[in-house]
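Dock chain B against the given chain A, drawing on the hints supplied.
Number of protein chains: 2
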Amino acid sequence: MNERIILVCNDDGYQAPGLLALIEAVSPYGKVIAVVPEKSESGKSHSITMTLPLRLNLMYETSHVTLYACSGTPVDSIKLALNKVLTRKPDIVVSGINHGSNSSISVIYSGTMGAVIEACLNGIPAMGFSLLDFSREADFTASKLVVKQMMENIIKHSLPPMVCLNVNIPRVSLHELKGIRLTRQAKGVWKEEFDMRIDPHNKKYYWMTGDFNNFEPNAQDTDEWALANGFASVVPVHADLTAYHAFNELSKWNYEL
Amino acid sequence: MNERIILVCNDDGYQAPGLLALIEAVSPYGKVIAVVPEKSESGKSHSITMTLPLRLNLMYETSHVTLYACSGTPVDSIKLALNKVLTRKPDIVVSGINHGSNSSISVIYSGTMGAVIEACLNGIPAMGFSLLDFSREADFTASKLVVKQMMENIIKHSLPPMVCLNVNIPRVSLHELKGIRLTRQAKGVWKEEFDMRIDPHNKKYYWMTGDFNNFEPNAQDTDEWALANGFASVVPVHADLTAYHAFNELSKWNYEL
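These protein sequence lines map, in sequence, to chains A and B.
Note that numbering that gives the first Met the number 0 has the first sequence beginning at 0, numbered continuously upward.
Note that numbering that gives the first Met the number 0 has the second sequence beginning at 0, numbered continuously upward.
Only chain A is shown next, with the shape it has when bound in the complex (with noise of 0.2 angstroms):
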C-alpha cells in the first residue's frame, strides 16, 4: 500500500507558527506536502490570481516534509500543488492552523477555508484549523490534540461529497478544553467601521476594522456558543452553493419573458 499523502496549506505564509503545528500534529499519519502562501493572504476567501503568472519555491525538504511557499492566495496554492508538485491525489488536505477565528461568517472571507473548500471540490477529504488566538506566541497544544483527533476520524470516516470541515479551538490550554462538538454556523454578521484619515496629499483614505455580531449567543447548537464555552467546534461545510430549500419559494416567481 503506497504511503498517505497530506497535503496542507494556509493563509498566513509559510513563516506562521500555526502551520508548524499543523504539519507537527498531522506528520504521524502520512507524507507531508505543504503548499502555502509566501505571505499572509487573510481574508482572500476563495479568490485566484488571473492577472499575474505565480511562482513556486521550494522552502525545505526531508524524507518525510516538503515545504513550498506559493505567490498566490491559498487557492492558488491548492491548485498548484495539484497540478504541479504533487505526483497523485493526496488522500486527505489540511488547512491551517490559522492565528485567529474563522467561525460563524468569517468562514466565508478565509483564505484557510478558501484552499479547504477548493480540495473539497477537487474531492479530497479537507479540514480547516483556526485557534482563537492571533498572537505568533499562540500556545497550539491544545490545537494539535484537536487536530489529532479530527485526523483519526477522517481517516476512518472519510466525508460525504462537497462536504469539507471548518474546525475552531478557543484559546484555552490542554487541561481547560472540555471536548469537540459539531455544530452549525452561528448567526452573525461583522459590522464594521472605517476609520477615516487624510494622507500627505489630503486625500481621503479608509482603514477597516470591525466588530463580529453574534445574532444568536445563547443558542448551543452554534460554533460561537461551544467557543464561548470551551469546546472546539466542527462545522461541516458545503461546496455546492446552491440554496435547495429556496427552491419551493423561488418557484412562485415568475419566469415568463
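A hint or two may mislead.
What the hints assert, rightly or not - Here are the simulated lysine to aspartate or glutamate pairs, EDC-like style, with alpha carbons at most 16 angstroms apart: (1) B/155 / A/191; (2) A/83 / B/191; (3) B/143 / A/191; (4) B/147 / B/191; (5) B/147 / B/37; (6) B/83 / A/191; (7) A/251 / B/23.
What the hints assert, rightly or not - Some chain A residues well away from chain B (every beta-carbon gap over 10 angstroms; in silico): (8) 3; (9) 22; (10) 48; (11) 60; (12) 65; (13) 75; (14) 86; (15) 165; (16) 211; (17) 248.
These are computed hints drawn from the structure, not numbers from a lab.
Note that the Cβ used here is the ideal one computed from N, Cα and C, for glycine as well.
Leaving out everything else, chain B in the frame of chain A:
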C-alpha cells in the same frame, strides 16, 4: 414613501460596458448608487482587503445615478457603500453584468457574486448577473430584458433570508433567448493547466489556464443545461455555508478527546 435605492456593484471595474447595461436596466426602478472596483477584480470571490487602506472616488453624479470607484474588492465596495456612501440601507443590490459566465462552480470564484453574497449577509435582497461573453463589444440586449424581469420579481416577492440569486444569460440575441429557468448549480470543476515559462532571470513562472468540466451535461435542472439550450439560469445561492444535510453522517464521528 421614500424612493427605492438600488446599490450596484460589479467585479469588472467602473469602465466595464456590462456595468452601464446594468445601470440602464435597473434605473427605472429607483435611484441608482454604484460603488464598484476601480479596476478588474475578477476571481476575487469574497475577499476583503485587510493590509491596505481603501480609497473611494466619486466618478459621476446626476440626480438619478451616482458612481463611485473603490480601490478594493467587490466585497470591500459593498462594505464601503453600506457604511460610508449610503445614508440608509439600500432596497436592492445588483451586481454585474459580468463579462463571462459565473455558472456552476464558477460562482465560488466570482467577485460579482462575492458582492451579492455580502449584501445578502446584510439582509438586503441581492442578485448577480453574468453574460456568457467576455467581449467588451458584447450585446447586452437580452441580458437587460432578463434583469428587468428579475427586478419585477424581487420587488414583488423579495427573497428568503440568507438566499441571493446567481443569474447567468446565454450569448444569444433577444429573439433567440428562450426564457428564464430556475435551476441548481451544475456539478463540475475547473481543470487547471499551468503554462510553465522561464523569465529573463532564468526562473520558472506559471500562468494558470484551464477548462470547465461539466460532470452532468445532460441534467436538465442545471444552470449549464439551461444556458446551453438558450435559457437564462437563476440559481438560488445561500450565504450560510453550513452543510445541514451532513449532520447525520457526521454525528457518527468520535468527538471524545
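To see whether the hints hold, each was checked on the structure:
1. B/155 / A/191: violated (30 angstroms)
2. A/83 / B/191: holds (10 angstroms)
3. B/143 / A/191: Measuring from Cα to Cα gives roughly 33 angstroms; hence the hint is violated.
4. B/147 / B/191: Not OK: residue 147 of chain B and residue 191 of chain B at ~36 angstroms, beyond 16 angstroms, violated.
5. B/147 / B/37: violated (26 angstroms)
6. B/83 / A/191: OK: residue 83 of chain B and residue 191 of chain A at ~10 angstroms, within 16 angstroms.
7. A/251 / B/23: Violated, at roughly 27 angstroms.
8. 3: With a cut-off of 10 angstroms, residue 3 of chain A remains clear of chain B, as the shortest Cβ separation is near 19 angstroms.
9. 22: Label holds. Min Cβ-Cβ 21 angstroms, cutoff 10 angstroms.
10. 48: It is violated; residue 48 of chain A is separated from chain B by about 7 angstroms at its closest Cβ, not greater than 10 angstroms.
11. 60: holds (17 angstroms)
12. 65: Holds, because the least Cβ-Cβ distance between residue 65 of chain A and chain B comes to about 17 angstroms, which exceeds 10 angstroms.
13. 75: Residue 75 of chain A is in fact no farther than 10 angstroms from some Cβ atom of chain B, at 7 angstroms.
14. 86: holds (15 angstroms)
15. 165: Violated, since 8 angstroms does not exceed 10 angstroms.
16. 211: Non-interface label on residue 211 of chain A holds, nearest chain B Cβ at 12 angstroms vs cutoff 10 angstroms.
17. 248: violated (6 angstroms)
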